[in-house]
Amino acid sequence: MLKKLTQFYHPKTIEEACLFLGNKEQKTAIIAGGTSEALRQDNSIEALVDISQVKELAYINKDTAFFRIGAGTPVQDIYKSAALTGPSGNLLKTAAGKIGSTLLRNSITAGGNLAAIFPWSDMPLVYMALDAEIVCRKGKPKRTVPVQTIIDQKAPQFLDKAEIIAEIAIPCYGKGTGTSFAKLVKTANDYSMATVATRLSIKNGLIEQVRIAINAITASPVRCLEAEKMLTGQKPGAELLAAAAKKAADSLTIRKDFRASREYRKEVCEVMIRRALGEALEKAGK
Amino acid sequence: MKLNTKINGKAFCLEIQPNATLMDVLRQAGMKSVKFGCGEGSCGSCAVMIDGRPRNSCITLAGCAEGAEILTVEGMGNPENPHVLQKAFVDTGSTQCGYCNPGSLIAAKALLDKNPNPTAEDVKDALDGNLCRCTGYVKRIDAVLQAAAESKKTTKSTRGKK
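In order, the protein sequence lines correspond to chains B and S.
Under the working numbering, residues 1 to 286 are what the first sequence spells out, in order.
Under the working numbering, residues 1001 to 1162 are what the second sequence spells out, in order.
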């Protein structure tokens, strides 16, 4: 692991971190909690920029329309946060609490989970279901992009060499919105076999907006756009949700590994999506 | 590469391989309570406190602990003067082979530092990353609850004396 590594940098600010990352003479990479680095086993990296001491990257705030989570915030802090409330807060906390164990949650960060996406990553789904916006910083300059852009292009390709994910901004949804999160896993600490996050808003008795985000069943996080389209503007009911869940399951390119076959995953994911939608609908009505 | 870090309250300047894990470095520095279990962050026997957070040291690079304060079981207590948690683990029989104990003690201490009055659910939640294959999981929940009650007694009595 990391055979060519010779140096660590420990910046204290975002600008400093970007400066170290931009170094053209060394192959540098960013490290926060370090859990993905341990998995990746990249032997070409010469220097690591450790951002765990950048204080301006670790916070959970709320302003008028957004929960703002610093990219370096350990997911344990999200799980235990009292500031995260409402449908968005519930979804964030539930998902964060289902990541690995306390020891891992103290290492895994809100931004790291998005920067290095694995099939079992939980937070990217949640960001997708909540239509999060991602703030990227390259020194002082910053740009804000929808989370889908980073999912589509993959963070290492999307970000410039000296650019980092700095913040995840999550819209605060209010009454009439319900969210749900479900994960099928052999033990709490194992990699997920199927993960679903949903958000559903009701207005005047009709489904106004719905998001179905999937991971682990597929190789990378995806939204079930056809099923979402099928539900939008309709009067919610058990039959409609079941039909949408079937459509969603049919639209996925399902992967397999030794934990579960493709057939099994397909079977359970349809049930999981149907139940997840039902749960979100029930919460939206409250 | 040099690593400057504080282990159990003592400043260390260690010569390390850049790609060494914190677990290896701590063991080489004499902290043999840090155990190698799975080596992939699943079992928790390597757990140490880094700046007050319990983390798996087997998947943490030592270089990331620059300037950090690390706590291992050596810094909690010793046979003559055990920490209240260590005593409770012995009293409740929450130890057999003992391999998971250092990690569990660190995770339990992290819980009590933040929450001096935990419920059984809180204990389960806090120790969810520490596998134990001997005692089952009931005894150590008892142990942590007992330690919490015990330390409340001591703080009360010292307050009384003042």
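It is worth saying that the hints were derived from the structure and are not from the lab.
Computed from a predicted structure; not experimentally measured.
Watch out, some of these pointers could steer you wrong.
Straight-line Cα separation of at most 25 Å, SDA-like style, residue types lysine to any residue; simulated pairs [said to hold, decoys possible]: (1) B/K98 to B/S81; (2) B/K93 to B/K286; (3) S/K1114 to B/E228; (4) S/K1010 to S/P1079; (5) S/K1002 to B/S44; (6) B/K3 to S/I1016; (7) S/K1124 to B/N189; (8) B/K24 to S/K1002; (9) B/K98 to S/P1118; (10) B/K12 to S/P1118; (11) S/K1002 to B/E228; (12) B/K80 to S/D1113; (13) B/K142 to B/K98; (14) S/K1114 to B/E282; (15) B/K27 to S/K1002; (16) B/K93 to S/K1114; (17) B/K98 to B/A82; (18) B/K98 to S/G1039; (19) B/K98 to S/R1053.
Going through the hints against the structure:
Using a Cα cut-off of 25 Å, the hinted pair B/K98 and B/S81 holds, with the two alpha carbons roughly 14 Å apart. Among the hinted pairs, B/K93 with B/K286 is consistent with the structure: their alpha-carbon atoms are about 19 Å apart, no more than 25 Å. In summary, the hint linking S/K1114 to B/E228 is not supported, as the alpha carbons are separated by about 42 Å, beyond the 25 Å threshold. Simply put, S/K1010 and S/P1079 have alpha-carbon atoms about 20 Å apart, close enough for the 25 Å limit, and the pair holds.
Pair hint S/K1002 plus B/S44 holds up; C-alpha atoms about 21 Å apart against a cutoff of 25 Å. Note on B/K3 and S/I1016: the hinted pairing holds, with a Cα-Cα distance of about 14 Å set against a maximum of 25 Å. Restraint check for S/K1124 and B/N189: the C-alpha separation of about 14 Å stays at or below 25 Å, so the hint holds. At roughly 24 Å between alpha-carbon atoms, B/K24 and S/K1002 fall within 25 Å of each other, so this suggested pair holds.
Among the hinted pairs, B/K98 with S/P1118 is consistent with the structure: their alpha-carbon atoms are about 20 Å apart, no more than 25 Å. In summary, the hint linking B/K12 to S/P1118 is not supported, as the alpha carbons are separated by about 35 Å, beyond the 25 Å threshold. A threshold of 25 Å between alpha carbons decides the hint, and for S/K1002 with B/E228 the separation of about 54 Å lies outside it, so the pair is violated. Proposed proximity of B/K80 and S/D1113 is supported: the alpha carbons are some 15 Å apart, at most 25 Å.
Under the criterion of a C-alpha separation no larger than 25 Å, the hint pairing B/K142 with B/K98 is inconsistent with the structure, at around 31 Å. Using a Cα cut-off of 25 Å, the hinted pair S/K1114 and B/E282 is violated, with the two alpha carbons roughly 35 Å apart. Using a Cα cut-off of 25 Å, the hinted pair B/K27 and S/K1002 holds, with the two alpha carbons roughly 20 Å apart. A distance of roughly 19 Å separates the Cα atoms of B/K93 and S/K1114; the hinted pair therefore holds under the 25 Å criterion.
Our distance criterion of 25 Å between C-alpha atoms is met by B/K98 and B/A82, whose separation comes to about 17 Å. For the proposed pair B/K98 and S/G1039, the alpha carbon gap of about 21 Å is at most 25 Å, so the pair holds. Between the alpha carbons of B/K98 and S/R1053 the distance comes to roughly 18 Å, so the proposed pair stays at or under 25 Å and holds.
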